[in-house]
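Trainee: Residue strings, one per chain:
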Amino acid sequence: MSIFEYNGSAVVAMVGKNCFAIASDRRLGVQLQTIATDFQRVFKIHDKLYIGLSGLATDAQTLYQRLVFRHKLYQLREERDMKPQTFASLVSALLYEKRFGPYFCQPVIAGLGEDNEPFICTMDCIGAKELAKDFVVSGTASESLYGACESMYKPNMEPEELFETISQALLSSVDRDCLSGWGGYVLLVTPTEVQERVLKGRMD
Amino acid sequence: MGDSQYSFSLTTFSPSGKLVQIEHALTAVGSGQTSLGIKAANGVVIATEKKLPSILVDETSVQKIQTLTPNIGVVYSGMGPDFRVLVRKSRKQAQQYYRLYKETIPVTQLVRETAAVMQEFTQSGGVRPFGVSLLIAGYDDNGPQLYQVDPSGSYFSWKASAMGKNVSNAKTFLEKRYTEDMELDDAIHTAILTLKEGYEGQISANNIEIGIIRSDREFKVLSPSEIKDFLEEVE
Numbered sequence: 011m012s013i014f015e016y017n018g019s020a021v022v023a024m025v026g027k028n029c030f031a032i033a034s035d036r037r038l039g040v041q042l043q044t045i046a047t048d049f050q051r052v053f054k055i056h057d058k059l060y061i062g063l064s065g066l067a068t069d070a071q072t073l074y075q076r077l078v079f080r081h082k083l084y085q086l087r088e089e090r091d092m093k094p095q096t097f098a099s100l101v102s103a104l105l106y107e108k109r110f111g112p113y114f115c116q117p118v119i120a121g122l123g124e125d126n127e128p129f130i131c132t133m134d135c136i137g138a139k140e141l142a143k144d145f146v147v148s149g150t151a152s153e154s155l156y157g158a159c160e161s162m163y164k165p166n167m168e169p170e171e172l173f174e175t176i177s178q179a180l181l182s183s184v185d186r187d188c189l190s191g192w193g194g195y196v197l198l199v200t201p202t203e204v205q206e207r208v209l210k211g212r213m214d
Numbered sequence: 450m451g452d453s454q455y456s457f458s459l460t461t462f463s464p465s466g467k468l469v470q471i472e473h474a475l476t477a478v479g480s481g482q483t484s485l486g487i488k489a490a491n492g493v494v495i496a497t498e499k500k501l502p503s504i505l506v507d508e509t510s511v512q513k514i515q516t517l518t519p520n521i522g523v524v525y526s527g528m529g530p531d532f533r534v535l536v537r538k539s540r541k542q543a544q545q546y547y548r549l550y551k552e553t554i555p556v557t558q559l560v561r562e563t564a565a566v567m568q569e570f571t572q573s574g575g576v577r578p579f580g581v582s583l584l585i586a587g588y589d590d591n592g593p594q595l596y597q598v599d600p601s602g603s604y605f606s607w608k609a610s611a612m613g614k615n616v617s618n619a620k621t622f623l624e625k626r627y628t629e630d631m632e633l634d635d636a637i638h639t640a641i642l643t644l645k646e647g648y649e650g651q652i653s654a655n656n657i658e659i660g661i662i663r664s665d666r667e668f669k670v671l672s673p674s675e676i677k678d679f680l681e682e683v684e
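Just so you know, the sequences run in chain order A and B.
Note that our numbering gives residue 138 to position 128 of the first sequence, counting from 1, and the numbers run on in steps of one.
Note that our numbering gives residue 610 to position 161 of the second sequence, counting from 1, and the numbers run on in steps of one.
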């Protein structure tokens, strides 16, 4: 049994036209037993920057708290929000600090950068960044997610279509993974608004 | 007066509420060679006298204006060796910031961190304050900026400022000459004229140093031949 498969998770982010969507499943399990069906994996850093953390749930929560701490100090000192690229570099540095005793998390970072240009990236548990122009995935359902996203994704989708695509990709992928599922949570971010939606899928 | 009894330990306040060592450090700065800076609408210029103790000194080996990052430069008045230490520390801090955020450090942040270092040396055991005041000039997303940092660790943003021997005359001269919408080339001329005001002897391209940063965000120290061109325009 791998430590990354202890709790079960699925996170995905996609780029659309002047917008992005980030989604996760809602199951928290202890190996085969489901403990919660409303577990939050996608967190807000600031209005235009979100991070999804898959992997060990305790590390996801702790890492999120540390990142919010760092970002709040940054905001106070520099009197501005962090750009997504800067935040990604910070997460990477923080993860590598624990190179020989890592956080068992794979972050997915999504944000609107300068001129509201969408930015997404993922990294492994020790901070190897992977930038992408289309979509990024992580979690126990990642293999199914790769397949679903690759076939369903189109560039320059409008927000409504992006929402449909990411929801379908997420739900169909978690159905193939016993450790993730019990619904979905999708955040769609455009320069003017943020839409949160809870999906009902196969509740198993 | 009563203060001198409290001048043995820099970390002890005197009854008048001063830290006497910092006052002495400021005196050291005030007897250093004049330096000044002017913030123009499209850039910043910093300049200093470069009086060497003897004509035998190789003036090309002396560089009083240093680059901290490609878009931030610094000049000082006071003790040269203390300046070198601060430059080293500031450069390291700028690089640490870049390593963490992969973003070049904003001018205000570098000034803050340098000032924090200088303040540490006024509140630690067994050390003395730095005997320099710095003028930090930079250009970042917030435009051109000019900051002065004192031995106490306090820092101020200036439109134009001077430090060192001739400070009061230089500041009066700058107050008269400064305009809000000055272009960088005008600012360079004004800087040269201000240095000339208090210079004992003949000013030339080899005994002053000028550093500029334009909207291209590349700090550069002017070469003697470039200074010569500006000098000729001024005369």
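In short, the hints are calculated from the structure, not lab data.
It cannot be assumed that every hint is accurate.
Stated by the list, open to error - In silico DSS-like pairs for lysine-lysine, Cα to Cα no more than 25 Å straight-line: (1) LYS500(B) x LYS614(B); (2) LYS143(A) x LYS541(B); (3) LYS139(A) x LYS551(B); (4) LYS93(A) x LYS541(B); (5) LYS551(B) x LYS54(A); (6) LYS108(A) x LYS210(A); (7) LYS82(A) x LYS551(B); (8) LYS645(B) x LYS499(B); (9) LYS669(B) x LYS608(B); (10) LYS139(A) x LYS93(A); (11) LYS620(B) x LYS499(B); (12) LYS82(A) x LYS541(B).
Nothing here was measured: the structure is a model prediction, and the numbers come from that model.
Trainee: Does each hint hold? Answer for all of them.
Mentor: Right, here's what the structure says about each hint:
Restraint check: the Cα-Cα separation between LYS500(B) and LYS614(B) comes to about 12 Å, which is no more than 25 Å; the hinted pair holds. As the CA atoms of LYS143(A) and LYS541(B) are separated by approximately 34 Å, the hinted pair breaks the 25 Å bound. Using a Cα cut-off of 25 Å, the hinted pair LYS139(A) and LYS551(B) holds, with the two alpha carbons roughly 12 Å apart. Taken as a hint, the LYS93(A) and LYS541(B) pair is honoured in the structure, with Cα atoms around 23 Å apart against an allowance of 25 Å.
About 22 Å separates the Cα atoms of LYS551(B) and LYS54(A), which keeps this hinted pair within 25 Å; it holds. Distance check on the hinted pair: LYS108(A) and LYS210(A) sit about 37 Å apart at the alpha-carbon level, beyond 25 Å; violated. Restraint check for LYS82(A) and LYS551(B): satisfied, since their Cα atoms lie roughly 18 Å apart, inside the 25 Å limit. The straight-line distance between the Cα atoms of LYS645(B) and LYS499(B) is roughly 12 Å, inside the 25 Å bound, and the hint therefore holds.
Distance restraint check for LYS669(B) and LYS608(B): the Cα-Cα separation of roughly 20 Å lies within the 25 Å cut-off, and the hinted pair is therefore satisfied. Among the hinted pairs, LYS139(A) with LYS93(A) is consistent with the structure: their alpha-carbon atoms are about 16 Å apart, no more than 25 Å. Distance check on the hinted pair: LYS620(B) and LYS499(B) sit about 19 Å apart at the alpha-carbon level, within 25 Å; holds. This hinted pair checks out: LYS82(A) and LYS541(B) have alpha carbons roughly 24 Å apart, not beyond 25 Å.
When each numbered hint is compared with the structure, violations occur for hints 2, 6.
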